[in-house]
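Chain order of the listed sequences is A and B.
Going by our numbering, the first sequence runs without a break in its numbering and finishes at 283.
Going by our numbering, the second sequence runs without a break in its numbering and finishes at 294.
Don't take each hint at face value.
What the hints assert, rightly or not - Derived EDC-like pairs (lysine to aspartate or glutamate); straight-line CA-CA distance at most 20 Å: (1) B:Lys50 - B:Glu249; (2) B:Lys50 - B:Asp9; (3) B:Lys119 - B:Asp157; (4) B:Lys130 - A:Glu186; (5) B:Lys119 - A:Asp279; (6) B:Lys119 - A:Glu186; (7) A:Lys200 - B:Glu100; (8) B:Lys96 - A:Glu186; (9) B:Lys130 - B:Asp180; (10) A:Lys68 - A:Asp279; (11) A:Lys200 - B:Glu123; (12) B:Lys50 - B:Asp2; (13) B:Lys8 - B:Glu240; (14) B:Lys50 - B:Asp89; (15) B:Lys50 - B:Glu6; (16) A:Lys277 - B:Asp157; (17) A:Lys200 - A:Glu186; (18) B:Lys136 - B:Glu123; (19) B:Lys130 - B:Glu141.
No wet-lab data here; the hints were simulated from the structure.
Since the model is a prediction, treat every value here as computed from it, not as a measurement.
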Amino acid sequence: MFPEALKYSVAKSVNHAIKWLLNTHGSAFDRFSSCILGLLLRVQGVLVVIPWWAYLVFVALMAWIATKKVLPTIILAALPLIIGVFGLWSLAIETLALVITSVAIALIIGIPLGVVMGELPLFAGFIQPVLDAMQTMPSFVYLIPAMMLFGLGKVPAVIATLIYSLPPVMRLTCLGLRQVPAPAQEAARAYGATRWQLLKEVRIPLAMPSILAGVNQTTMMALAMVVIASMIGARGLGQEVLMAINRIDVGRGFEAGISIVIMGIVIDRITQGLARKWDPNNK
Amino acid sequence: MDNIIEVKDLWEVYSDKEVFFDVDDRDLIAALDESNETVVAVRGVSFTVKPGEVFIVMGLSGSGKSTLIRCLLRLVEISWGEVWINGQDVTAMNLKELTEFRRNQVAMVFQHYGLLPHKTVLENAAFGLKLRGVPKKERHERAYESLKVVGLQDWVDYYPASLSGGMLQRVGIARALVADTPILLMDEPFSGLDPLIRREMQDELLRIQQEYQKTIFFVTHDLDEAMRLGDRMAVMRNGEIVQIGRPAEVFARPADDYVARFVQDKRDEIRRADEQMAAMAASQAERAGVGDVS
Chain A
1 MFPEALKYSV AKSVNHAIKW LLNTHGSAFD RFSSCILGLL LRVQGVLVVI
51 PWWAYLVFVA LMAWIATKKV LPTIILAALP LIIGVFGLWS LAIETLALVI
101 TSVAIALIIG IPLGVVMGEL PLFAGFIQPV LDAMQTMPSF VYLIPAMMLF
151 GLGKVPAVIA TLIYSLPPVM RLTCLGLRQV PAPAQEAARA YGATRWQLLK
201 EVRIPLAMPS ILAGVNQTTM MALAMVVIAS MIGARGLGQE VLMAINRIDV
251 GRGFEAGISI VIMGIVIDRI TQGLARKWDP NNK
Chain B
1 MDNIIEVKDL WEVYSDKEVF FDVDDRDLIA ALDESNETVV AVRGVSFTVK
51 PGEVFIVMGL SGSGKSTLIR CLLRLVEISW GEVWINGQDV TAMNLKELTE
101 FRRNQVAMVF QHYGLLPHKT VLENAAFGLK LRGVPKKERH ERAYESLKVV
151 GLQDWVDYYP ASLSGGMLQR VGIARALVAD TPILLMDEPF SGLDPLIRRE
201 MQDELLRIQQ EYQKTIFFVT HDLDEAMRLG DRMAVMRNGE IVQIGRPAEV
251 FARPADDYVA RFVQDKRDEI RRADEQMAAM AASQAERAGV GDVS
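From just these sequences and the hints, can you work out the full model?
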């Protein structure tokens with residue numbers, strides 16, 4: 001047994017800290033919350049207006065640009081049809097709005113931080129354990145406080161999704177920068193590149209395949225998290241899954257599950273294909 | 001000004017940790033040699049190069065010649081000694097001066113080309129000018145002119161991935177020419193190329209040198225190349241220069257066993273060729289003699 005004398009609990013202090021945050025900075029969290037919600041609703045407002053067939057055309061177009069093959073293009077464009085056939089189209093659009101908003105915020109924060117990590121090994125060493133924690137911490141542990149701070153609904157879902165999906169893009173951006181071949185960098189330095197020029201002209205372009213793999217991973221993680229986040233009131237396809245679980249309606253759960261898989265496949269193939277097109281080694 | 005490059009008692013120590021190097025501390029140097037974590041790559045090298053000269057540094061791999069060329073533009077930090085180029089003390093420059101110096105005084109050609117895969121041949125050739133902030137139109141015009149010099153004017157819009165080794169190195173040379181610097185630094189530029197292409201490139205370099213009158217600092221492990229290209233050459237072993245002089249001098253009077261061994265292969269080759277020539281001449285004479293009799 002672990003000695004009794006060494007026992008010490010931080011649970012109470014954490015509870016107090018959250019309460020203190022709520023009591024003293026509640027209005028700040030509310031403002032932040034409405035800011036994110038406004039952004040989310042604007043994205044959703046646009047997505048809802050777009051007719052269903054336009055999505056299919058868009059997917060077909062992107063798939064064609066990414067793969068340049070007829071059959072994959074047709075399959076990828078046809079897959080979202082199944083979501084509509086199941087009657088889950090509007091829920092899927094809500095999920096898409098959540099994913100797009102979360103991923104946009106994650107990339108705006110994650111890519112610059114990843115670049116800083118790649119440039120400053122000391123900073124990377126400091127941030128690495130934080131990223132580990134973000135990825136391994138069971139999501140419900142932060143879903144609940146997120147809900148307490150930002151209220152029920154979509155905003156804590158965005159926050160939780162951010163926490164879960166930020167690490168891949170940061171890690172892969174950093175990794176990409178570290179793997180830039182030495183000869184190209186040495187040549188740039190020999191011709192008088194400043195540190196900023198080296199980053200802009202050589203390091204970031206050559207790290208692009210890795211950065212885009214990070215974007216792809218972040219998107220997939222966001223999609224996975226958005227489903228879990230439905231448990232704190234974010235609607236969308238996850239809500240359908242949750243209801244199916246509650247009513248032990250296996251068939252209904254299957255339909256929603258397949259719809260999520262389809263979204264995942266379509267998003268993954270398109271982003272991967274676009275990443276390949278950007279790869280300088282493929283030119 | 002007499003010498004365009006002047007190197008005085010240059011030492012280079014590679015180490016993970018900061019080493020306070022002192023040339024007079026023999027014990028320290030011995031300790032650095034002992035340690036597995038440090039390498040003394042260049043030890044007390046001094047030489048001078050005159051404007052317009054082709055100066056060759058020759059040695060086996062690991063003899064410190066690649067490190068030496070990197071010291072000239074401080075791609076590695078110099079441990080001890082002085083490097084003067086075009087009247088400027090490279091060792092004493094701050095970061096800003098060093099950047100300016102690299103942009104305007106020296107242009108380097110690398111063994112592994114060092115081209116950027118995401119830029120076209122034209123953009124790669126114009127890279128030095130881009131770093132200096134030359135407007136796009138002008139830098140592309142100048143890059144095109146240099147690509148014409150190396151015969152790549154039809155390849156400007158290709159990416160490096162679709163070019164052969166010889167062509168890639170032509171881009172590397174074009175990039176160096178566009179920079180329009182008085183000094184060219186070349187680190188085994190033709191080592192990766194097959195013999196025919198290598199010869200072609202050597203001829204081309206000589207032509208370019210004649211046309212532009214650059215000072216060329218050229219590193220190689222190939223004696224043939226040294227003798228074809230060099231006005232003067234330095235032979236390096238284990239971080240030190242063991243002989244310096246005109247290639248013919250080095251060839252005729254090797255300073256020590258090491259240089260002699262370098263030269264020996266070449267001598268054998270020449271002797272074999274002579275013998276073959278003599279044999280051929282003899283057999284021809286014989287045939288001619290037979291013809292006379294009949």
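Earlier hints that do not hold, by number: Hint check: nothing fails, all pass.
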